[in-house]
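Student: One-letter residues, chain by chain:
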Amino acid sequence: MGINTQTKKKESQSPKILRFTKGERISHWVHALAFFLLLFTGLGILNPSFQPIMNVFGGIQIARLIHRGAAIVFVVIVGLMFVVGNPSHHWEWLKSVFKFTKSDWQHVRAFPKEFFGGHGDYPPQDKYNGGEKINSLITIFGSFFITLSGVVMWMAPWFPAGLVRWAYPVHDLSMFMMVAASLGHIYLGVLHPDSRAALPGMFSGYVSAKFARAHHALWYERVQNQQQKL
Amino acid sequence: MTRKMILVDTSKCTGCKACTVACKEWNELPAEKTQLVTSYQTQKDFSPKTWTYVTFIEKYKDQTMNFLMRKAQCFHCGDPACLKACSSKAIRQTESGFVVIDHKKCIGCGYCTENCPFGVPKVDQTLQKSFKCTGCIDRVENNLKPACVQTCQTGALMFGDYSDLLGQAKNRLSEVQKTHPQAQLYGEKEMGGTTYVYLLMDRPEVYGLPVNPTIPLSLTLWKDVVRPVGGIAVGGAAAAVVIGVFANIVKGSYRSKDD
Numbered sequence: 001m002g003i004n005t006q007t008k009k010k011e012s013q014s015p016k017i018l019r020f021t022k023g024e025r026i027s028h029w030v031h032a033l034a035f036f037l038l039l040f041t042g043l044g045i046l047n048p049s050f051q052p053i054m055n056v057f058g059g060i061q062i063a064r065l066i067h068r069g070a071a072i073v074f075v076v077i078v079g080l081m082f083v084v085g086n087p088s089h090h091w092e093w094l095k096s097v098f099k100f101t102k103s104d105w106q107h108v109r110a111f112p113k114e115f116f117g118g119h120g121d122y123p124p125q126d127k128y129n130g131g132e133k134i135n136s137l138i139t140i141f142g143s144f145f146i147t148l149s150g151v152v153m154w155m156a157p158w159f160p161a162g163l164v165r166w167a168y169p170v171h172d173l174s175m176f177m178m179v180a181a182s183l184g185h186i187y188l189g190v191l192h193p194d195s196r197a198a199l200p201g202m203f204s205g206y207v208s209a210k211f212a213r214a215h216h217a218l219w220y221e222r223v224q225n226q227q228q229k230l
Numbered sequence: 001m002t003r004k005m006i007l008v009d010t011s012k013c014t015g016c017k018a019c020t021v022a023c024k025e026w027n028e029l030p031a032e033k034t035q036l037v038t039s040y041q042t043q044k045d046f047s048p049k050t051w052t053y054v055t056f057i058e059k060y061k062d063q064t065m066n067f068l069m070r071k072a073q074c075f076h077c078g079d080p081a082c083l084k085a086c087s088s089k090a091i092r093q094t095e096s097g098f099v100v101i102d103h104k105k106c107i108g109c110g111y112c113t114e115n116c117p118f119g120v121p122k123v124d125q126t127l128q129k130s131f132k133c134t135g136c137i138d139r140v141e142n143n144l145k146p147a148c149v150q151t152c153q154t155g156a157l158m159f160g161d162y163s164d165l166l167g168q169a170k171n172r173l174s175e176v177q178k179t180h181p182q183a184q185l186y187g188e189k190e191m192g193g194t195t196y197v198y199l200l201m202d203r204p205e206v207y208g209l210p211v212n213p214t215i216p217l218s219l220t221l222w223k224d225v226v227r228p229v230g231g232i233a234v235g236g237a238a239a240a241v242v243i244g245v246f247a248n249i250v251k252g253s254y255r256s257k258d259d
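If you read the sequences in order, they're chains A and B. Numbering follows the UniProt record's numbering, with no gaps: position 53 of the first sequence is 53. Numbering follows the UniProt record's numbering, with no gaps: position 147 of the second sequence is 147.
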């Protein structure tokens, strides 16, 4: 919290623009924290060599219980954020990431160069660029399939063995995809020299106008026009 | 120790269930409340405390009824799906051919239960451990017969070296086939050759056994494709991040940009 206010003060001179509402930030962080709690409590069953680490949670049986508890938070709280409060931004995000445009593809093509610190050519991006859309899609499909397979694994006696058997590879595949995506996501948000300017957007909600203009010009222009009309 | 085999010759079984009692006694398993499943069968499925039971199929032909009886227990597969599925490396295969669960390592995840084509292992929900027939490995490794074999009065259960006993089983089969043309061996080829081999009086499906039991495709896909490919994907992502950080350090991007 202290960090947030500091950031605000420091940037109070330069113009800022609201990127993520409180609801969106809550969803993001509940999802992220539950995800990592789920990941770490699941490690013991992924590979027995991780089982000694499970003592951090009080043993593997406690870890398995925490895994189930975190799963409920992962699904229910984030699910609720799509209906309570002011969820319209959640739905806008969903709609936007499923609409993959030509300029999104161009961003994806330039992305590897950007990722390693170079500068690729791509047209002005909307609120979410091509790479962010792919990360969102991996998160959406990964969460969907890991939840379905998780329910089947949790309630295994209620389902035929033929279905439970398929839940295991689906659960693991979803996990691997989301872990790989989250590594890239954290790098871009925290360590990447250009894109880490996006990080305050997930704490205070605001990003610098300079960043918004440079990285999300379409979105920036639209918001500026809307504000001028008001 | 050489590869062992137990022949379950169902043509000699009288359905006395002494084997199920001997199993309970040797393994110190408490009795459970039974229920009438068919006219003589009193146990429907395995449980953490019941590792063997006898199934009774009633077969009607020419106004007469014949029982098809089969002692059910873990097959002790040559290529066990439970061992492949185990999350905790708690299942091992002995030289003698028995598949045993190490309860110190078992965490009760139930992956063995779901992947066994015969539905044998069962998890005790209180202990969070999986249980099944051990083949009385503690007896076998001390040159004793498994308890069920030891107690069998009719010779329906025989214990011996694999190659010897399989030869005997084939001789016995040709004899039984004279009166029961559908009779066949079950377990000789199934699941990589099981340690408990059956001489069945009829086709396996009549007994409710899977015709062609295999390691589930989902299990092979999971352990041999998803796991290694997923590991590479995560490792690749981690490597890309490390390279990215280094590339940016080398380019001096961290110094020049500060907003």
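It should be emphasised that the hints constitute simulated quantities derived from the structure, not laboratory data. Just so you know, even glycine gets a beta-carbon here, dropped at the ideal spot from N, CA and C. A couple of the hints might just be wrong.
Said to hold, decoys possible - Derived pair list, reagent style DSS-like, types lysine-lysine, alpha-carbon separation capped at 27 Å:
#1 K127(A) to K113(A)
#2 K251(B) to K113(A)
#3 K129(B) to K223(B)
#4 K189(B) to K170(B)
#5 K251(B) to K210(A)
#6 K17(B) to K33(B)
As the list claims (entries may be wrong) - Listed next, the stretches of chain B that the computed footprint assigns to chain A, with coverage defined by at least 3 CB atoms under 8 Å from CB atoms of chain A:
#7 86-97
#8 113-122
#9 206-220
#10 223-236
#11 246-254
To be verified - So, partial list: chain A residues that the calculated Cβ filter (under 7 Å) puts toward chain B:
#12 I66
#13 R165
#14 Y168
#15 L191
Student: Confirm or reject each hint.
Tutor: To see whether the hints hold, each was checked on the structure:
At roughly 21 Å between alpha-carbon atoms, K127(A) and K113(A) fall within 27 Å of each other, so this suggested pair holds. Restraint check: the Cα-Cα separation between K251(B) and K113(A) comes to about 13 Å, which is no more than 27 Å; the hinted pair holds. This hinted pair checks out: K129(B) and K223(B) have alpha carbons roughly 22 Å apart, not beyond 27 Å. Among the hinted pairs, K189(B) with K170(B) is consistent with the structure: their alpha-carbon atoms are about 13 Å apart, no more than 27 Å.
Simply put, K251(B) and K210(A) have alpha-carbon atoms about 22 Å apart, close enough for the 27 Å limit, and the pair holds. Taking the CA atoms of K17(B) and K33(B), the gap is near 15 Å; set against the 27 Å cutoff, the hint holds. Closer than 8 Å: that is the beta-carbon criterion, and the region 86-97 of chain B has 3 residues meeting it against chain A, so the requirement of 3 holds. For the region 113-122 of chain B, the proposed coverage by chain A is satisfied: 4 residues have a C-beta within less than 8 Å of a C-beta in that chain, meeting the threshold of three.
Under a criterion of three residues with beta carbons nearer than 8 Å to beta carbons of chain A, the stated coverage of the region 206-220 of chain B is upheld, 3 such residues being counted. Here's how the region 223-236 of chain B fares: 9 of its residues keep a CB closer than 8 Å to some CB of chain A, so the rule of at least three is met and the hint holds. With 5 residues having a beta carbon nearer than 8 Å to a beta carbon of chain A, the region 246-254 of chain B meets the requirement of three or more and the stated coverage holds. Contact between I66(A) and chain B, as hinted, is not supported at the beta carbon level, the nearest pair being about 14 Å apart and thus beyond 7 Å.
Evaluation of the R165(A) hint against chain B yields a held restraint, the C-beta minimum of about 4 Å falling below 7 Å. Contact between Y168(A) and chain B, as hinted, is supported at the beta carbon level, the nearest pair being about 5 Å apart and thus within 7 Å. About 6 Å separates the beta-carbon of L191(A) from the nearest beta-carbon of chain B, less than 7 Å, and the hint is met.
Hint check: a violation occurs at hint 12 only; the rest are consistent with the structure.
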